[in-house]
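Between the sequences and the hints, there should be enough to build the whole structure, so can you do that?
Here the protein sequences come in this chain order: C and W. Position one of the first sequence corresponds to residue 4 (the working numbering), numbered consecutively onward. Position one of the second sequence corresponds to residue 4 (the working numbering), numbered consecutively onward.
It should be emphasised that the hints constitute simulated quantities derived from the structure, not laboratory data. Computed from a prediction, not measured in an experiment: that's the story for all the values here. Check the hints yourself; a few may be wrong.
DEER-style ranges, computed between Cβ atoms [claimed, not checked]:
1. W:Gln405 <-> C:Glu386: 53 to 61 Å
2. W:Val39 <-> C:Lys349: 52 to 60 Å
3. W:Leu418 <-> C:Glu386: 51 to 59 Å
4. W:Lys281 <-> C:Pro44: 18 to 26 Å
5. C:Thr358 <-> W:Lys297: 32 to 40 Å
6. C:Pro412 <-> W:Val39: 37 to 45 Å
Partial chain C-side listing against chain W, Cβ under 7 Å, derived [stated by the list, open to error]:
7. His270
8. Pro273
9. Ser275
10. Gln339
11. Tyr350
C-beta: ideal position from N, C-alpha, C; glycine also.
Protein chains: 2
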Amino acid sequence: MVFEVIEKDLAGKIGELETRRGVIQTPALLPVVNPVKITIPPKEISEEYGFEALITNAYLIKKHFPVNVEVHHLLGFKGPIMTDSGAYQLLLYGDVEIAPEEVIWLQESMGSDIAVILDVPTGGEATRARAEETVRETLRRAEESLSLRSDPSILWVGPIQGGTYLDLLAYCARKIGSMDFHIHALGSPTQIMEQYDYPQLVDMIVTARLNLPLNRPLHLFGAGHPMILPLAVALGCDLFDSAAYAIFARDNRYMLPTRTVKIEHLHELPCSCPVCRKTTAEELKELPKEEREKLIARHNLYITAMEIRAIKQRIQEGTLWEYLEEKCRSHPLLYQAFKRLGKYTKYLEKFDPVTRGSPRGIFFFDETSLNRPEVERHLSRLEERYLPPPKEILLILPESPQKPLHQGPLYKAILASKLPKKLEKTLHVVFLSSAFGVIPEELDEVYPLSQHESCIEPTSKRSLQLMARGLLSIIKKHRYKATVLCSPRELLQLIEHSIPKPLLFIEWREAKSPNELAEEVVSALWSLVRQLEGQ
Amino acid sequence: MVFEVIEKDLAGKIGELETRRGVIQTPALLPVVNPVKITIPPKEISEEYGFEALITNAYLIKKHFPVNVEVHHLLGFKGPIMTDSGAYQLLLYGDVEIAPEEVIWLQESMGSDIAVILDVPTGGEATRARAEETVRETLRRAEESLSLRSDPSILWVGPIQGGTYLDLLAYCARKIGSMDFHIHALGSPTQIMEQYDYPQLVDMIVTARLNLPLNRPLHLFGAGHPMILPLAVALGCDLFDSAAYAIFARDNRYMLPTRTVKIEHLHELPCSCPVCRKTTAEELKELPKEEREKLIARHNLYITAMEIRAIKQRIQEGTLWEYLEEKCRSHPLLYQAFKRLGKYTKYLEKFDPVTRGSPRGIFFFDETSLNRPEVERHLSRLEERYLPPPKEILLILPESPQKPLHQGPLYKAILASKLPKKLEKTLHVVFLSSAFGVIPEELDEVYPLSQHESCIEPTSKRSLQLMARGLLSIIKKHRYKATVLCSPRELLQLIEHSIPKPLLFIEWREAKSPNELAEEVVSALWSLVRQLEGQ
Chain C
4 MVFEVIEKDL
14 AGKIGELETR
24 RGVIQTPALL
34 PVVNPVKITI
44 PPKEISEEYG
54 FEALITNAYL
64 IKKHFPVNVE
74 VHHLLGFKGP
84 IMTDSGAYQL
94 LLYGDVEIAP
104 EEVIWLQESM
114 GSDIAVILDV
124 PTGGEATRAR
134 AEETVRETLR
144 RAEESLSLRS
154 DPSILWVGPI
164 QGGTYLDLLA
174 YCARKIGSMD
184 FHIHALGSPT
194 QIMEQYDYPQ
204 LVDMIVTARL
214 NLPLNRPLHL
224 FGAGHPMILP
234 LAVALGCDLF
244 DSAAYAIFAR
254 DNRYMLPTRT
264 VKIEHLHELP
274 CSCPVCRKTT
284 AEELKELPKE
294 EREKLIARHN
304 LYITAMEIRA
314 IKQRIQEGTL
324 WEYLEEKCRS
334 HPLLYQAFKR
344 LGKYTKYLEK
354 FDPVTRGSPR
364 GIFFFDETSL
374 NRPEVERHLS
384 RLEERYLPPP
394 KEILLILPES
404 PQKPLHQGPL
414 YKAILASKLP
424 KKLEKTLHVV
434 FLSSAFGVIP
444 EELDEVYPLS
454 QHESCIEPTS
464 KRSLQLMARG
474 LLSIIKKHRY
484 KATVLCSPRE
494 LLQLIEHSIP
504 KPLLFIEWRE
514 AKSPNELAEE
524 VVSALWSLVR
534 QLEGQ
Chain W
4 MVFEVIEKDL
14 AGKIGELETR
24 RGVIQTPALL
34 PVVNPVKITI
44 PPKEISEEYG
54 FEALITNAYL
64 IKKHFPVNVE
74 VHHLLGFKGP
84 IMTDSGAYQL
94 LLYGDVEIAP
104 EEVIWLQESM
114 GSDIAVILDV
124 PTGGEATRAR
134 AEETVRETLR
144 RAEESLSLRS
154 DPSILWVGPI
164 QGGTYLDLLA
174 YCARKIGSMD
184 FHIHALGSPT
194 QIMEQYDYPQ
204 LVDMIVTARL
214 NLPLNRPLHL
224 FGAGHPMILP
234 LAVALGCDLF
244 DSAAYAIFAR
254 DNRYMLPTRT
264 VKIEHLHELP
274 CSCPVCRKTT
284 AEELKELPKE
294 EREKLIARHN
304 LYITAMEIRA
314 IKQRIQEGTL
324 WEYLEEKCRS
334 HPLLYQAFKR
344 LGKYTKYLEK
354 FDPVTRGSPR
364 GIFFFDETSL
374 NRPEVERHLS
384 RLEERYLPPP
394 KEILLILPES
404 PQKPLHQGPL
414 YKAILASKLP
424 KKLEKTLHVV
434 FLSSAFGVIP
444 EELDEVYPLS
454 QHESCIEPTS
464 KRSLQLMARG
474 LLSIIKKHRY
484 KATVLCSPRE
494 LLQLIEHSIP
504 KPLLFIEWRE
514 AKSPNELAEE
524 VVSALWSLVR
534 QLEGQ
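Structure representation (structure tokens):
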């Protein structure tokens, strides 16, 4: 087994990728080392910042160094080295002076541990015809590469092309996923990311992941900024490479977990890394260019390494969604990408683990939080597995801030009111929930139905829709003789036609106290008893 | 001048507070040093983490040390020391064995640089009668303290009580603000914060700030967690104290910028501070209790110091609002507090600086972002200062993603369509904006009307309200002869009755291309010309 998953959260995972030079724990970012201009020595990259593997460029090595150079020797690094094929240069400069078969041989001979075939990047702006051509040619070269390889200890990466044409991307993923590769890589996102088109990126990652074998890690090319990493991991990416730490440093750009600041705009260094503890923003600005570049690159690497640890910690805890809620507020387009997850709730639910070591309370902030997999899971289980108890009257009560819900003041006040025993036995109480739609009383202590905090308005549009969806799935399965509905008027309007009659409605408003509501509910129940007895 | 403001953002500021032992730059957090149990030596607190001042407890010093002990000597710290009076102990234990006048003398004699009178904390759960009593007694002691002080070089803190009774808080602030104090402090938030009642805290801080003299810094007692600091600063707090770094460490709680993690739940250390770089989560868990406590306390101090620098950096940049957008996603109740700022947009607008050194693009994520002071400022200026040009036809166009708005494809297509010259001269174009309501074309390059990114839906309820508010303020000031409105139908419904007639409506929908819309607008304009000429 080349890749083993250790822990999961959303569609993200912590895994172990076995290479011939040791295990790489994922999610992993491989810093790009430019063999021609080394900003930070590879030894330092691994020992000081803890990166387990590097990536460099096979094409550049061929261009600038003698034939038969060994890449670990050249870079002075003993751990796993991935080499890129030069496809990115192809994208930038239109052509590279190297043949696909030469790239296979080249990477094998220089000792790459993880090697990439020379694919043809689609890019972010290709026409449909051009995109089809790049997919066709990439698949042809992938197929061809299988028979050209001679060293079975190398892990081979099969890149997926198709750009923003999701059907092409899906096709390419399915085809290349059926070939003998160890890792896949999503090509072409660089241009898309330069335009901050993160919503598009979400579509691309999910499309790729859905069409690839589950047991192969997915590499996302050129995505190295800490602001985007948590979302990419949550969607199913495992490997990243990044030259950003060095390129940004050259350009005087200081990375932070959610953004980049030009150093002329820095007044404070809001970081505790060794670089930032030994200098101030003012001192940094006054350093000679080259010295400053090295310091910023180092700081950028600390920030990047820290981000990977933060993501792993979140996966271990099962709080990756909460992390996205924070992180995706760093740019409106990243937030739009986060909202796009609404298209993929079933996808996330499929991958997200149902149980966890130490379950934690989960947070709901606004309607976007309703895209959490726990919500879809709860509602689809209500639809598919739930059987209501054989009771006659459906009593629908509003949510209370107390959890579990049956300990809320309204329900307690109703129970305290001495309903006829006969009635009590035949009541089925279902609580409304701004987060989960509805929660039948028998389930209200099941995780996470009581272990959550929500500040979503109970009258928000999406919450009302979830309530309606949940209620409909319950009443479809059992013939209640009557309904008492205590809710905002908006919910009545949504479900009036489908709910079992007779229906008694008590309007919930924020200003009404639990005792007032209880009185109204109890009097409705009594009148219902009389009505049913009269039948 | 004891306190000088250097830079502002929202109601937050960077300031310099002059004490007899040197300047404290604000916002500043003063780590609490327990004179009886010192976790981290004061010298280290200042030299390693950069805290310029400390706070300790005068009452505890009196209880455990000989009379006449000098506090700088006792703690081994030469910088400014603030002493608390023991009021918090009073709140906890009901009574302290010390008289108010003794506390004045005590702090003077031990050499405090910043001293606090012995106020009577209201606490979070006091009855109205009890709250009134605490305010009365606090004010009496404050008044009395004025004549008891003998050393004019000490800065005296006048605490504000009243708890959650905002009228009492306001009264107390006005009264004590008129007395000779240098600093004020908001009392009693500890219990409120233990219950995470951050929305209440927002009300309390704003109430205090609105009723205090502007040139006196405001101290917020007991609020030391990095997750709450940015919001408190943005609302107008300048000084903080915190024992949390040490208390949390004792309890094995590891602070992060937006939360706290129990160390048994730590798998990674997502931090680059010297503590976290030298150890791993596993090693930390296995250390002897006392050693671990010291390491966690150190880490907690690095995180706290980093947060203060991050806040200062944001104020310098003018991006404190963007910072709140991220930070207030760490807990639903903190998010509710952030939403509460909607009550205080005029307050924020009043304090927020209009111009800045290097203006930056601002971000709008959702309806909560519309509480930004820039929105209120723009709309109230439209209402109070704006004069529409003397043109006859009001043409209202939807927003385009391009900025400035007059370079959007719809407007360009309309201009390219060869309208009659006469008509062109008499058109007044006003753009709709999901962020700013409306933007008249003459203003569309004024900062920040073109320098923003918004992903708010143009049909969101609050955006529509802002559009209506902006349009009404324009049509009130000028008699247009006709209107062409190209907008979502929801806006038409909101303003139909008030808009100048004849009114031609073109429905904007996301699916329509700019060219389609332009054609409809142009044909509406032609028909309008014929209609007006017919008159």
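Against the structure, the hints come out as follows:
Hint check: Gln405 (chain W) to Glu386 (chain C), Cβ distance near 44 Å, so the stated range 53 to 61 Å is violated. At roughly 58 Å, the beta carbons of Val39 (chain W) and Lys349 (chain C) sit within the given window of 52 to 60 Å. In this structure the hint that Leu418 (chain W) and Glu386 (chain C) lie 51 to 59 Å apart at CB holds, the actual value being about 54 Å. About 21 Å separates the C-beta atoms of Lys281 (chain W) and Pro44 (chain C), a value consistent with the hinted range of 18 to 26 Å.
For the pair Thr358 (chain C) and Lys297 (chain W), the beta carbons lie near 37 Å from each other, so the given range of 32 to 40 Å is met. Taking the beta carbon of each, Pro412 (chain C) and Val39 (chain W) are about 44 Å apart, inside 37 to 45 Å as hinted. Interface hint status for His270 (chain C): upheld, as the beta-carbon distance to the closest one in chain W is roughly 4 Å, under 7 Å. A least Cβ separation of about 4 Å between Pro273 (chain C) and chain W falls short of the 7 Å threshold, and the interface hint therefore holds.
At a threshold of 7 Å, the smallest CB-CB gap from Ser275 (chain C) to chain W is about 4 Å, leaving the interface hint in force. Checking Gln339 (chain C) against chain W by beta carbon gives a least distance of about 5 Å; that is within 7 Å, so the hint holds. The restraint placing Tyr350 (chain C) at the interface with chain W is violated, with a minimum CB-CB distance near 22 Å, outside the 7 Å limit.
Checked against the numbered hints listed earlier, the structure breaks hints 1, 11; every other hint is satisfied.
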